[in-house]
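Student: What follows is the residue order along each chain.
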Amino acid sequence: MSTVTLSQREMKRRRKLGADYVAPSPYTLKNALEKGDLFTKLSIVVFGLGNFVHKQYLKGLIFLASEVLFIIFMATAGVKNLSLLPSLGGREASSGWVDGKYVHIAGDNSVIILLYGVCTVVLCIAFVLWWSLVIRSAYKAQVLGGGKDRRAPSFMDDIHTLLDAKANQLLLFLPLAGILIFTVLPLIFMISMAFTSYDHNHLVIFKWVGLENFKAVFSNSGSIVSGRLFLSVLLWTLVWAFFATFLNFFCGLFLAMVINRKTTYGKNVWRAIFSMSIAVPQFVSLLVMHQMLQPSGAINRLLMNWGWIDQALPFFTNATWARVTVIIINLWVGIPYTIMQVTGILQNIPAELYEAAKIDGANWWQTFTKITMPYIFFVLTPYLITTFTGNVNNFNVIYLLTRGDPGVVGESAGKTDLLITWLYKLTVDRSDYNLGAVIGIMTFIVLAVVSLITYRNSGSYKNEEGFR
Amino acid sequence: MSKHTQSKPESQSLMHDQRKRRIVADVATYVLLGVLAVVWLFPIVWIFLESFNKNPAPYQNTFFPTQFSFDNYTGLFTQRNVLDFPRMFMNTFIIAIFVCLISVFFVLSVAYVMSRMRFRGRRAFMNFVLIIGMFPGIMSVVAIYFILKAMGLTSDGMTTLALILVYSAGTGAGFYVMKGYMDTIPTSLDEAAMLDGCTRWQVFTKIIIPISRPMIVYQAIVGFLTPWLDFVMAKVIARTQDNYTASLGLWLMLDKEYINNWFGRFAAASVIISIPIAILFIVMQRFYQESMAGSVKG
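Read top to bottom, the protein sequences are chains D and H. For reference, each letter of the first sequence is one residue, going 1 to 468 in UniProt numbering. For reference, each letter of the second sequence is one residue, going 1 to 298 in UniProt numbering.
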């Protein structure tokens with residue numbers, strides 16, 4: 001093997017990634033374009049030609065078919081979709097007399113134009129990536145099938161590689177496709193709505209308006225949304241997410257350890273009791289709680305019958321009461337999940353660690369802080385971050401319990417509304433899709449800042465092999 | 001010698017003290033667990049008793065019902081013309097089974113690849129998923145509806161398929177906990193297997209999956225529960241009552257229009273929905289603990 005001199009960028013990568021470093025493949029696009037023979041270079045235009053020449057017929061056929069399909073698509077629909085995207089269409093529906101007949105002429109629907117445009121753009125990007133893959137594949141066939149008695153890998157060889165050295169490609173294909181189509185594509189679509197005038201006044205035909213909607217959310221003059229309202233909702237969202245995540249985690253950890261004590265009898269019974277609330281769908285239990293805590297609901301009635309209170313407690317009608325109530329009810333919902341997670345991990349901590357600590361004379365507290373906590377945090381830091389983001393986006397608990405109430409007349413968000421329920425109200429109830437999209441983007445920015453900082457500083461990111 | 005006689009009574013009192021402390025701690029443990037158990041079971045017991053209440057109105061004078069009957073249950077299954085609950089139940093059940101299977105497969109695949117294989121773009125993928133997860137899911141509900149409509153999946157017969165796709169497509173992004181678990185399985189197992197001639201795929205199916213059973217159980221529960229818990233997505237996608245999922249049906253029963261006649265049946269429906277989930281959960285719980293005992297300790 002000849003020695004390969006690494007570029008400066010490559011050296012930097014190698015240093016940064018350490019054990020994670022993966023050497024670059026020799027079959028790069030650049031090499032293919034520089035060192036490829038005639039057939040490889042012709043593969044730029046005719047997909048799969050290089051593979052045909054080196055007897056990879058099936059592969060070549062697949063490549064060629066993909067190119068033909070793409071060209072047909074672009075010719076029939078793609079170009080039109082792209083050309084309408086900048087204007088989003090403007091033709092209004094009309095009707096009139098044509099050749100003595102009264103006809104209805106359908107107008108443009110900007111949502112459809114936007115969706116098809118976004119899809120076409122995504123498809124084009126995917127095609128460029130595919131194109132690069134095709135060329136690299138042709139170059140690889142040329143290099144491997146070059147000599148007299150050398151043979152490019154057959155289709156069966158390729159399948160075998162997919163099960164072994166390249167199992168990542170096989171295993172990731174479907175999950176990644178799912179994420180791209182049902183998560184990423186809708187997101188791009190929705191983000192692009194933030195820059196249009198798609199609100200309750202412009203439901204069929206709307207335009208690009210640039211940053212107008214962001215201005216509306218942050219200025220203090222807006223009627224539906226305003227900077228002040230945004231800040232108050234944001235603050236409550238963060239307070240809620242903090243309490244919902246960490247109270248749940250520490251209470252759940254505490255309970256799991258109490259149940260896990262050596263002298264606690266009936267461990268399974270206790271766990272089963274707490275798991276009951278998972279067995280009941282969250283949806284049901286939240287609606288039941290909602291019913292129980294109404295001014296004339298079961299709890300207030302019970303307390304009144306006992307003579308403890310004269311008036312109904314304002315569980316969902318007073319802002320502070322409502323906020324505390326949802327946090328406490330969320331404990332009821334969330335702690336069993338924490339117990340379930342932590343129990344498995346507690347039992348999985350290597351017993352040698354505890355034995356060694358015992359021999360060294362460590363007491364209970366030292367064992368807890370030096371072994372149990374680091375281990376749990378090592379495994380659960382990603383879980384905690386996802387829980388935090390999940391709580392910022394916790395639609396169910398808030399919407400099913402309070403629907404954001406108590407509200408203020410004339411404002412689009414109530415006192416317990418999170419950014420996410422506000423977003424829901426703006427889009428589904430009020431059809432202000434553009435404002436909803438702006439709130440969504442802001443939610444994302446908040447989450448991104450909080451979690452990227454914590455995650456990058458966590459042990460399980462920096463040191464994946466720490467407990468192996 | 002003198003040292004020995006001195007230390008004896010001290011150690012005895014310490015022993016005594018320790019035993020006392022343990023008894024106090026035990027009592028405190030049981031009191032705490034007992035009180036919390038009541039808190040946790042309270043709403044469940046209430047809705048259970050309410051489902052047998054002869055009087056189906058929502059707000060009543062007594063906390064627990066005074067007269068019991070099966071009317072709520074029979075009504076739920078016989079009066080299918082207003083709200084067809086049995087059908088909603090079946091819809092959700094079918095969706096849940098498919099989502100459960102697909103999500104377990106997706107999560108296992110992604111977690112294994114991320115934990116065991118090193119390739120270009122791995123870090124990028126992990127960061128990408130993390131970033132995607134930070135966008136609020138509700139944000140894309142409307143967009144997903146438009147996309148499904150363009151794919152022709154919003155017509156009457158296709159809604160079930162559409163919901164299966166929507167619930168399971170993105171589950172691969174939830175691989176982090178599973179990966180954290182796989183990271184604690186020693187790589188020496190993989191290496192030994194590969195020396196014996198196993199492919200990556202065989203290592204995955206014959207070593208990693210059996211060891212990861214506890215987390216698979218967890219993942220299966222999560223996947224199965226998704227369709228029962230969600231109502232936002234279902235509400236936007238399932239437009240007609242024939243395609244409603246159980247949660248939408250329950251939501252509808254508490255609507256102002258229905259609540260006065262349907263509250264009792266809402267309670268009954270809640271109990272019925274909880275039963276398959278509870279049974280599954282208890283079975284899985286047992287499995288969960290058994291597999292914990294047999295798994296390799298980190």
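Simulated from the structure, these hints should not be mistaken for laboratory data. Keep in mind the model is a prediction, meaning the values are calculated, not measured. Fair warning: there could be bad hints in the mix.
[Stated by the list, open to error] Derived DSS-like pairs (lysine-lysine); straight-line CA-CA distance at most 25 angstroms:
{"id": "1", "chain 1": "D", "residue 1": "LYS101", "chain 2": "D", "residue 2": "LYS262"}
{"id": "2", "chain 1": "H", "residue 1": "LYS20", "chain 2": "D", "residue 2": "LYS267"}
{"id": "3", "chain 1": "D", "residue 1": "LYS16", "chain 2": "D", "residue 2": "LYS166"}
{"id": "4", "chain 1": "D", "residue 1": "LYS55", "chain 2": "D", "residue 2": "LYS41"}
{"id": "5", "chain 1": "D", "residue 1": "LYS16", "chain 2": "D", "residue 2": "LYS30"}
{"id": "6", "chain 1": "H", "residue 1": "LYS20", "chain 2": "D", "residue 2": "LYS358"}
{"id": "7", "chain 1": "D", "residue 1": "LYS80", "chain 2": "H", "residue 2": "LYS149"}
{"id": "8", "chain 1": "D", "residue 1": "LYS30", "chain 2": "D", "residue 2": "LYS12"}
{"id": "9", "chain 1": "D", "residue 1": "LYS358", "chain 2": "D", "residue 2": "LYS370"}
{"id": "10", "chain 1": "D", "residue 1": "LYS415", "chain 2": "D", "residue 2": "LYS215"}
{"id": "11", "chain 1": "D", "residue 1": "LYS55", "chain 2": "D", "residue 2": "LYS16"}
{"id": "12", "chain 1": "D", "residue 1": "LYS262", "chain 2": "H", "residue 2": "LYS20"}
{"id": "13", "chain 1": "H", "residue 1": "LYS149", "chain 2": "H", "residue 2": "LYS54"}
{"id": "14", "chain 1": "D", "residue 1": "LYS30", "chain 2": "D", "residue 2": "LYS166"}
{"id": "15", "chain 1": "H", "residue 1": "LYS54", "chain 2": "H", "residue 2": "LYS256"}
{"id": "16", "chain 1": "D", "residue 1": "LYS166", "chain 2": "H", "residue 2": "LYS149"}
{"id": "17", "chain 1": "D", "residue 1": "LYS30", "chain 2": "D", "residue 2": "LYS41"}
{"id": "18", "chain 1": "H", "residue 1": "LYS256", "chain 2": "D", "residue 2": "LYS415"}
{"id": "19", "chain 1": "D", "residue 1": "LYS207", "chain 2": "H", "residue 2": "LYS149"}
{"id": "20", "chain 1": "D", "residue 1": "LYS55", "chain 2": "D", "residue 2": "LYS166"}
{"id": "21", "chain 1": "H", "residue 1": "LYS235", "chain 2": "H", "residue 2": "LYS256"}
[Unchecked claim] What follows is a list of derived Cβ distance ranges for each label pair:
{"id": "22", "chain 1": "H", "residue 1": "THR205", "chain 2": "D", "residue 2": "VAL22", "range": "37 to 47 angstroms"}
{"id": "23", "chain 1": "D", "residue 1": "VAL22", "chain 2": "H", "residue 2": "VAL35", "range": "48 to 58 angstroms"}
{"id": "24", "chain 1": "D", "residue 1": "TRP208", "chain 2": "H", "residue 2": "LEU189", "range": "37 to 47 angstroms"}
Virtual Cβ for every residue (Gly too), placed ideally from N, Cα, C.
Student: For every hint, state whether the structure bears it out.
Tutor: So, going through the hints one by one against the coordinates:
The straight-line distance between the Cα atoms of LYS101(D) and LYS262(D) is roughly 88 angstroms, outside the 25 angstroms bound, and the hint therefore fails. Taken as a hint, the LYS20(H) and LYS267(D) pair is honoured in the structure, with Cα atoms around 22 angstroms apart against an allowance of 25 angstroms. The straight-line distance between the Cα atoms of LYS16(D) and LYS166(D) is roughly 24 angstroms, inside the 25 angstroms bound, and the hint therefore holds. For the suggested pair LYS55(D) and LYS41(D), the alpha carbons sit about 17 angstroms apart, so the restraint of at most 25 angstroms is met.
Taken as a hint, the LYS16(D) and LYS30(D) pair is honoured in the structure, with Cα atoms around 24 angstroms apart against an allowance of 25 angstroms. Proximity of LYS20(H) to LYS358(D) is assessed by CA-CA distance (about 22 angstroms); at most 25 angstroms being required, the pair is judged to hold. Among the hinted pairs, LYS80(D) with LYS149(H) is consistent with the structure: their alpha-carbon atoms are about 20 angstroms apart, no more than 25 angstroms. Proximity of LYS30(D) to LYS12(D) is assessed by CA-CA distance (about 20 angstroms); at most 25 angstroms being required, the pair is judged to hold.
Pair hint LYS358(D) plus LYS370(D) holds up; C-alpha atoms about 12 angstroms apart against a cutoff of 25 angstroms. A C-alpha spacing of about 23 angstroms is found between LYS415(D) and LYS215(D), which places the hinted pair at or below 25 angstroms, so the restraint holds. In summary, the hint linking LYS55(D) to LYS16(D) is not supported, as the alpha carbons are separated by about 41 angstroms, beyond the 25 angstroms threshold. At roughly 16 angstroms between alpha-carbon atoms, LYS262(D) and LYS20(H) fall within 25 angstroms of each other, so this suggested pair holds.
Proposed proximity of LYS149(H) and LYS54(H) is contradicted: the alpha carbons are some 44 angstroms apart, above 25 angstroms. Taken as a hint, the LYS30(D) and LYS166(D) pair is honoured in the structure, with Cα atoms around 22 angstroms apart against an allowance of 25 angstroms. This hinted pair checks out: LYS54(H) and LYS256(H) have alpha carbons roughly 21 angstroms apart, not beyond 25 angstroms. Distance hint between LYS166(D) and LYS149(H) is unfulfilled; the C-alpha atoms sit about 36 angstroms from each other, more than 25 angstroms.
Taken as a hint, the LYS30(D) and LYS41(D) pair is honoured in the structure, with Cα atoms around 12 angstroms apart against an allowance of 25 angstroms. Proximity of LYS256(H) to LYS415(D) is assessed by CA-CA distance (about 23 angstroms); at most 25 angstroms being required, the pair is judged to hold. This hinted pair checks out: LYS207(D) and LYS149(H) have alpha carbons roughly 22 angstroms apart, not beyond 25 angstroms. Our distance criterion of 25 angstroms between C-alpha atoms is met by LYS55(D) and LYS166(D), whose separation comes to about 22 angstroms.
Among the hinted pairs, LYS235(H) with LYS256(H) is consistent with the structure: their alpha-carbon atoms are about 17 angstroms apart, no more than 25 angstroms. A hinted range of 37 to 47 angstroms is violated for the C-beta pair THR205(H) and VAL22(D), which are about 24 angstroms apart. At roughly 54 angstroms, the beta-carbon separation of VAL22(D) and VAL35(H) lies within the given 48 to 58 angstroms, and the hint holds. At roughly 56 angstroms, the beta carbons of TRP208(D) and LEU189(H) sit outside the given window of 37 to 47 angstroms.
Checked against the numbered hints above, the structure breaks hints 1, 11, 13, 16, 22 and 24 and satisfies the rest.
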